[in-house]
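**Student:** Since chain W is already given, all that's left is putting chain E on it; use the hints.
Number of protein chains: 2
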Amino acid sequence: MVDTAPRTSKQSPAPTRAPAPPSPTASEAAAKTASEPAESTASSPRLDVAALGRQLLGTWPEVRLAARERAARPELQRIEGLTMAEHRERVLGQLKILVEEGAIQRAYPTSLGGLDDHGGNIAAFEELVIADPSLQIKSGVQWGLFGAAVLHLGTAPHHEKWLPAIMSLEVPGAFAMTEIGHGSDVASIATTATYDEATEEFVIHTPFRAAWKEFLGNAGLHGKHATVFAQLVTKGVNHGVHCFYVPIRDDEGEFLPGVGGEDDGLKGGLNGIDNGRLHFTNVRVPRENLLNRYGDVAADGTYSSPIESPGRRFFTMLGTLVQGRVSLDGAATTASAMGLAIAITYGNQRRQFTASSDTDEEVLLDYQRHQRRLLPRLATTYAQVFAHDEFLVKFDAVFSGKADTDDDRQDLETIAAALKPLSTWHALDTLQEAREACGGAGFIAENRLVGLRHDLDIYVTFEGDNNVLLQLVAKRLLTDFSKQFKDADAGAMARYVVAQTAERAYHGTGLRRLAQTIADFGSTARSVSELRDEKSQRELLTDRVETMIAEIAGRLRDARKLPKADAAAAFNRNQNQLIEAARAHGELLQWEAFTRGLARVEDEGTKQVLTWVRDLFGLGLIEKHAAWYLINGRLSPQRAQSVTAYIDRLIERLRPHAQGLVDAFGFGPEHLRATIASGIEQERQDEARAYFEEQRRAGTLPVPEKAKSKKR
Amino acid sequence: MVDTAPRTSKQSPAPTRAPAPPSPTASEAAAKTASEPAESTASSPRLDVAALGRQLLGTWPEVRLAARERAARPELQRIEGLTMAEHRERVLGQLKILVEEGAIQRAYPTSLGGLDDHGGNIAAFEELVIADPSLQIKSGVQWGLFGAAVLHLGTAPHHEKWLPAIMSLEVPGAFAMTEIGHGSDVASIATTATYDEATEEFVIHTPFRAAWKEFLGNAGLHGKHATVFAQLVTKGVNHGVHCFYVPIRDDEGEFLPGVGGEDDGLKGGLNGIDNGRLHFTNVRVPRENLLNRYGDVAADGTYSSPIESPGRRFFTMLGTLVQGRVSLDGAATTASAMGLAIAITYGNQRRQFTASSDTDEEVLLDYQRHQRRLLPRLATTYAQVFAHDEFLVKFDAVFSGKADTDDDRQDLETIAAALKPLSTWHALDTLQEAREACGGAGFIAENRLVGLRHDLDIYVTFEGDNNVLLQLVAKRLLTDFSKQFKDADAGAMARYVVAQTAERAYHGTGLRRLAQTIADFGSTARSVSELRDEKSQRELLTDRVETMIAEIAGRLRDARKLPKADAAAAFNRNQNQLIEAARAHGELLQWEAFTRGLARVEDEGTKQVLTWVRDLFGLGLIEKHAAWYLINGRLSPQRAQSVTAYIDRLIERLRPHAQGLVDAFGFGPEHLRATIASGIEQERQDEARAYFEEQRRAGTLPVPEKAKSKKR
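Note that the protein sequences, when read in sequence, are chains W and E. For the first sequence, our numbering gives the first residue as 35, with consecutive numbering after it. For the second sequence, our numbering gives the first residue as 35, with consecutive numbering after it.
Only chain W is shown next, with the shape it has when bound in the complex:
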């Protein structure tokens, strides 16, 4: 087993490669500065940062550590201030390094030099975000989308013919699915691939401007081939979206005949990737270029598929691409952890304003507001780390074939659609709060927070728009609730919602009864002890999801009798709440995963601290949704108030452990690379303090006018 001890981010550049021993000094130093209530000072538990760090590495710790060592190498890292052209070339070069070092082959078949290791592959891939999100996403385009389309949608002859050059980067490629006119609604893309029996070719064609392929990584500049999604038409029948392997550029980088495109130019981030547009004018490819795992066309134009239902076939094909969402969940969580490591380290050293003494300024993290801004986000990040690892294990089971039933795949997709939106939004929110918590320094590029935020911005709308994904989750929840939905479109959904009473099916858990009694509690102490009870938190969080879904299902029940347009309108009037219900479901998944992770902690002090973190996460959710709990009689006003009071207490208790909790993420200075988190602020504070002490000692400090006039 490798040494997984996390490095403290508080010291100046540590020797790379040789992980330093866990540094209790960092958290101890932080603890010293904490203004904690007497209660917790006396008995504050000790956090085992090293052991916690090992646990946070999850199921593929060695793969992750190796990937982090790689991400710590300057030649793989982002340089701020490159032009777009320079950045693109640099990242392309970095991809070549990854190939040379055998870092990208993991998910590919052993027969082609891979390891058939899907979970490990994603674990390693996610860590690239530490080096440069452009590197992560350009790798993802090449091997996780373009290569993965050949791998998962193609068959053995395709693998043998094309994968070696894709794996070696000899052929950089674009994944041409999205069109200008259709992003979220992939089924409606308008590019056609019409089979020509005479020549045994498919004719790839873009019928109008809205059908141009758009936002494709590698399409702007480097891509030579593309996996193009198009409506497969043969014998006058449209068999729906299929994927075709299409050469797009010659060796000089010029578009091949019939192919055209544009560069997307500068973006809000990820400028190391050459996104662009593509269009096709009757471009012919051999029949064999259809990636035919889920649908094939014989020489005579006869279509066949192992999946009879066109709808199911479509979702099966798209389902093979779920890994993008898995990896974004992990990368977003890693980026959030980095932002918090930077802001909390700085907040533990930075001082501003005197409050409790006349001379010593307060450490930022001792301000309640500062704690409120950072610690709940830290708790959410912890929840995401645990949820992501479970998610990755599930993904690995499906893709390795260990547990790969239809149900497994559907569950995996629902988890992906629930977790990816939450974690990517959380990353933007957290990086922004971290930026603001570091003030002007947070805005300077060398402190990394703005760059990470710019790059991660697009994570919330690519690989599935977050709102659209959450709506998918909600539909699944409604389906589970009714077990009678047959069709995914909104009108059908609304029409087929069954007449099921919410109360009977969903309130066997005793939650309503619990809520009734809550109002009767008179004592805050009893109230708080209930709240920190794991079972109560679970029930409150579960109840909310179930009740919201049941209520919406109830409201949609009668819609099935309506004409399509009216049914769709009824569904639409519930859309906002549906998406909120899906979010609540995702939050519950995270809480459950955190709670299971907590159960595996052995060290007593660590378990105590982590329990507070979990409680902060769980009660934070309840506080955020307090209005719902109050309106629905699940919390009495008194108890809702005690939720906030208890959160304040948890934050006070966790304050001394803030540094340890971010140190446990295991980032070294070679990963964070933020000047303000290097210890420089502490050095400046120490220098300033020494200066004033010396002046006071020597009697050379000028007297303040106020003191002077008083003396008079």
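Calculated directly from the structure, the hints in this document are not laboratory data. Wrong hints could be hidden among the right ones.
As the list makes no split between identical chains, a pair holds if one copy fits it or if it spans any two.
Unchecked claim - Calculated lysine-lysine pairs in the DSS-like style (CA-CA distance at most 30 Å, straight line):
id, residue 1, residue 2
1, 195, 258
2, 509, 742
3, 740, 598
4, 130, 742
5, 595, 740
6, 658, 569
7, 742, 598
8, 509, 428
9, 569, 509
10, 509, 595
11, 195, 598
12, 195, 436
13, 742, 595
14, 658, 509
15, 740, 195
16, 742, 269
**Tutor:** Only chain E this time, still in chain W's reference frame:
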């Protein structure tokens, strides 16, 4: 009176300079696509976009329109993708254009070619954000900070000697207040200006690294002089922070002896400005270089000031710089309006997924979730437009001397500290939501949303960190509440909070009684009619501010008996809620301003629509804080639920007017300059639709497999 008719942003580039007539087609087109309830279709009021546009221009309409015409000129606009060096040079050149055209002199004395027009100056200055936020902020550094320090902190000889070269940009300058070690706490800066009687000079000195001046625009490259804030020391006494005029670079751009610095390099935005650091090693300036309006040193070293209290003197000096906050409030509101104009125009053309029919895809803005994402933010932006104009009028009154008592100045600063945080945070939130609402297209630089967001990021922490400003507001509210605070520091604050019962002083408004009766209402109709009543909204919003402040004051009452450290700890335990109370106060100010603006609307249809917008804003606040209203018995659960239901109804009613409401902001394509808001999406939709119609007509559209298999 000039023609102030707003231009629709839906058309392709309109002829500049000749404002197009108000375009009802835009909102009518939007109305056609709306899925509105039968109720409002029949009787939907007509919005007079032109008249509303004129009202939104506020108190300085002609100045604003002229500034917008200027901002529409390409040579003053940002070019995406410039290197930092190119962008800096471009913006410097743009400043020269502003000088040549007499666009920056407005705030300066008539004796120097100015207009002594403070409100108009800010109105014009804010509009520069449309051209490039870097241009706005670099102008602000030169003429609103550096020049304004000379103007407001200096006296006639300084004005005559230095202002002409500052106004002409012959001397670009830095405003050297913030230090690495002290940003929010300006009083604690450590740079010293020690008077040397022998030579009648001040010695400017940086004692340690933390005292380096930091984040100064113009310091990185272009600045020749600087207004340096330092602790004024004479005869062994420190008289606190004063401002000195200090040359820093020679004509070749090299630092003068004793001056040093660093370039801040790349930032998260505003890269057209050369921010940098400065430090001073015993730099000598003549005694006359002290900007001596509020404090002077005689040749013999005797200090004198028209303001006896060092504290009041300090706050008076800083108070002269409030205009930065005024202009950020305006610019942030303008940027939010631009983001919404882009996203709503696009959302009115873009279609995705079929729901209510088998062929026609839904317009994005017809989705409830999409409406929920954009329309409440539009309502808030409207509130800000009205609040900002009142704020600017107040500012103008103080700075023109029309109403310039101590109370006026304090009120102005409190308003600034309340509004600037809300509007700058709102800008980031709105630009982000607009970006996401436009999907991948929102991430492309040419669509402007990401660039605006990057640039405005720093607005939330500069010219006063938002959290620190809100804490100032809260302290003012506590002071008003107690009338007994004498000192601004936290310990003192807590110690001196008076024993005042909340109930007696703050609940004479009958709100509690109102709340009691609310619970008794059984009817939703009655409940809703109460909610849309202006008086109810005002009472609910006012009550929350007052109750929160009274409660905190109550909790701090006993703290005055405690030792300083314990009192500070007590204050700190309420810090988060204090800041929330200040936010509530700011929201109330916005609501009140909106309501006053609404009262001035004459056109009946416009008044109706704008009333819905105001109600959406007011009830949106109540919904956001519903937990508080429920916990404190101000809303019954039933009524809290009807708030949400009524908001849903308001949004449905406003949906057909969304385009008109953003058109009324008056941005033309030359201002928005976002490809996706140019009408290109509508063209693409029309082209695609025509293609499919033609195919269907000709019978050449391939049959879907599903339909085919059914036929069999």
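**Student:** Against this structure, judge whether each hint is valid.
**Tutor:** Hint check results:
1. 195 - 258: within (15 Å within a copy, 65 Å between copies)
2. 509 - 742: For residue 509 and residue 742, the Cα distance is within 30 Å only across copies (28 Å; inside one copy 73 Å).
3. 740 - 598: Between copies only: 19 Å across chains, 78 Å inside a chain, cut-off 30 Å.
4. 130 - 742: Intra 69 Å, inter 48 Å, cutoff 30 Å: neither.
5. 595 - 740: between (80 Å within a copy, 24 Å between copies)
6. 658 - 569: both (19 Å within a copy, 28 Å between copies)
7. 742 - 598: Answer is between; shortest inter-copy Cα gap is 22 Å, intra-copy 83 Å.
8. 509 - 428: Cα proximity of residue 509 and residue 428: one copy only (21 Å, versus 52 Å across).
9. 569 - 509: Within one copy only: 27 Å inside, 41 Å across.
10. 509 - 595: Within. Shortest intra-copy distance 19 Å satisfies the 30 Å Cα cut-off; inter-copy 59 Å does not.
11. 195 - 598: Neither: 48 Å inside a copy, 77 Å across copies.
12. 195 - 436: Within. Shortest intra-copy distance 27 Å satisfies the 30 Å Cα cut-off; inter-copy 82 Å does not.
13. 742 - 595: For residue 742 and residue 595, only the inter-copy Cα distance (27 Å) is at most 30 Å; the intra-copy one is 85 Å.
14. 658 - 509: both (24 Å within a copy, 26 Å between copies)
15. 740 - 195: So residue 740 and residue 195 fail the 30 Å test inside a copy (84 Å) and across (33 Å) alike.
16. 742 - 269: between (98 Å within a copy, 11 Å between copies)
Hint compliance for this structure: hints 4, 11, 15 are not met, and every other hint is.
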